[in-house]
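Following the hints, complete the assembly by docking chain B onto the known chain A.
Spelled out from the first residue to the last, the chains are:
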Amino acid sequence: MLEIINLKASINKRDILNGLNLKINPGEVHAIMGPNGSGKSTLANILSGKNGYKITGDLKYKGESLKDIPVEQRAQKGIFLAFQYPLEIPGVNTNNFLKTSLNTIRKARGEKEIDTLAFLKLVKEKANELGIDEKILSRQLNVGFSGGEKKKNEILQMKILDPNLIILDETDSGLDIDALKTIADGVNSSRSKDKSFLVITHYQRLLDYIKPDFVHVLSSGKIIKSGSSELAVELEKKGYKKIN
Amino acid sequence: MIENFKINLKEIDKINLINQDDKNYRIKNLEFFNQKGLPTKKDEDWKFSDLREIFSKNFKKIDVNNSKPEENKFRLIKDFDHNYILLINGRFIRSDFKFEDKNKIKITSYKEENFSREQSNNSLICLNNALSNEGYNLLIEKDYKFEKVLVIYNLFSEDLSHKILNNKNKITVNKNSELHIIEYTVNRSKDKFFNNTYETIILGENAKFKNISIQAGRSEGYFHKFLNGSIKSDSKYSSFIFSSGLKFNKQDIKIDLEGKNSYCEIKSALFLNNEDHQEIKTLVNHLVPNCKSFQKIKSVLDSNAKGVYQGKIFVKDIAQKTDAYQLSKALLISENSEFDSKPELEIYADDVKCSHGSTSGNVDENSIHYLMTRGLTKKEATQLLINGFLKEIINDIKSDTIKKFVENKLEFQVYGY
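Residue numbers (my numbering), protein chains in the order written: chain A, 323 to 566; chain B, 60 to 476.
Just chain A, with the same shape it has in the complex (with noise of 0.2 Å):
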């Protein structure tokens, strides 16, 4: 599904990304940890697609290179991104804006727009698994919703677009007991065998939730450790420093 090879990464000369190696297959959840300023939101945010970045090596997405596709083909070709911090988009209504995306997804899939009538049954649907007040779908998209509401808000957007590669960008962050249990089930019962996960978290309480099949820890740029989720486990008890 996804292949990081030997990537660098730097933005105004700073090195953020020092050759880091990346394996995931269709079906696999990953988890990669680290602490502050390791480069796990650069790596969400290069994996996306966004520009400002100096990059060397490759990414590969379903075989792919992704170096020269742009972040919407990227999204139509079915990455999503999880946003740690999801933007609050002003007098954009929430419903219109999650049409407007799957749409421009279906289409770029070949598939036929969807009609509104069969758009509202699956969000209804959707935001109903997750336990999303149906009246902020009619709000502006994130203004105003609180924290929870936010990240609910993506996983939902990650629900209705159907993506193959979903990376979680500190998706547990901010999140209390409750909305965290929400979220965790509403990405395990996503999972299959041609969906492929990465969930970037700086703590084990998240993976608690979520199991990953392999856990690598993200120190100054580079993976140096890789494990099964007992090394989360491990991590949260000794803590970072420790695990070189």
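There may be inaccurate statements among the hints.
Said to hold, decoys possible - DSS-like cross-link-like pairs, simulated, lysine-lysine; straight-line CA separation at most 27 Å: (1) B:K437 with A:K389; (2) B:K462 with B:K267; (3) B:K457 with A:K421; (4) B:K438 with A:K434.
FYI, nobody ran anything at the bench for these hints, they're computed from the structure.
Quick look at chain B alone, frame taken from chain A:
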């Protein structure tokens, strides 16, 4: 070139049905205009819109329009029920108040005696005083609330190349009455012309007036309108300006809050593109205590467009408990676009609440990135953000059908580029 643009006094002879008094008044005004000429940036009120320069760049000649328009077919808006007034080239053609009690409404074409004769220093007002002979006078009797909105179709015909049109309108809404109008400009002229309007609005006690001004489409027209509003106690004046798509437009709005507890709001959402140049200039005079005014102007500028907001709030010494607010926000999409803002407060009372602010900036790159990660192209994401930025103003329109109508027009303006 028309750098020394002057108008022959003989033009006044072509205006019918005026007595010697009227004629002398017009001559005086025209002489003043000819002496002062079109306003330039040396005039404080025209600091950011040098009309003389704009005209000398864009007009090789200008003539006074004397031809009488013929009524030709036009399409009524089908989106909602409405009454209407039809103007062609500023001339009152006919009206239809089929949803209203006609005894409560008086409408006539332009009449000399309807306008007071203050001497103005504004050369465009003088030009208007000298040459206006078209327009309408609408009066709503007291205690009457309109059932449906009144659309004023402001049609400009095909044969207006390089013409100047001057007209005067007056709307009076008497005590306890309510009127909601949509000023809908439809332009058929493919060539440049200049429309110079002077409008008076008088709201009696506890009257409510709402105006939405909007264009049917892009136009080569140059527009200037001076609006003189007089608001009595407990009355409410509300104006929405959505006049995108004009080559040049300056709305010069003066509102006198003359009665206690009166309220005035001016809101605008503009999308300016190409070489468009628009200015909204306001002067809100708080003349008595306990009045409130609110202004919010949002502009999006692309290509070489230029937008200007000059907003002044004046609070007289006796106007205690004034609550006045003004805010201008501009979104600049192109490096070549320009937005100038000059908010001004002149306050002589000590127990007032006045605030003003002005921001201008680019479209937020992070927001664009966010939307693009959901499959939208950069262009689609930008358009969505622009639309959202302007929509805040549109969302204040209460009627859903009218809101939808305005939204469609706006989307056409935003997505149509």
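Do the hints match the structure? See the list:
For the hint linking B:K437 to A:K389, the alpha-carbon distance of about 18 Å falls within 27 Å, and the restraint holds. About 19 Å separates the Cα atoms of B:K462 and B:K267, which keeps this hinted pair within 27 Å; it holds. For the hint pairing B:K457 with A:K421, the CA-to-CA distance comes to about 25 Å; that is within 27 Å, so the pair holds. Under the criterion of a C-alpha separation no larger than 27 Å, the hint pairing B:K438 with A:K434 is consistent with the structure, at around 22 Å.
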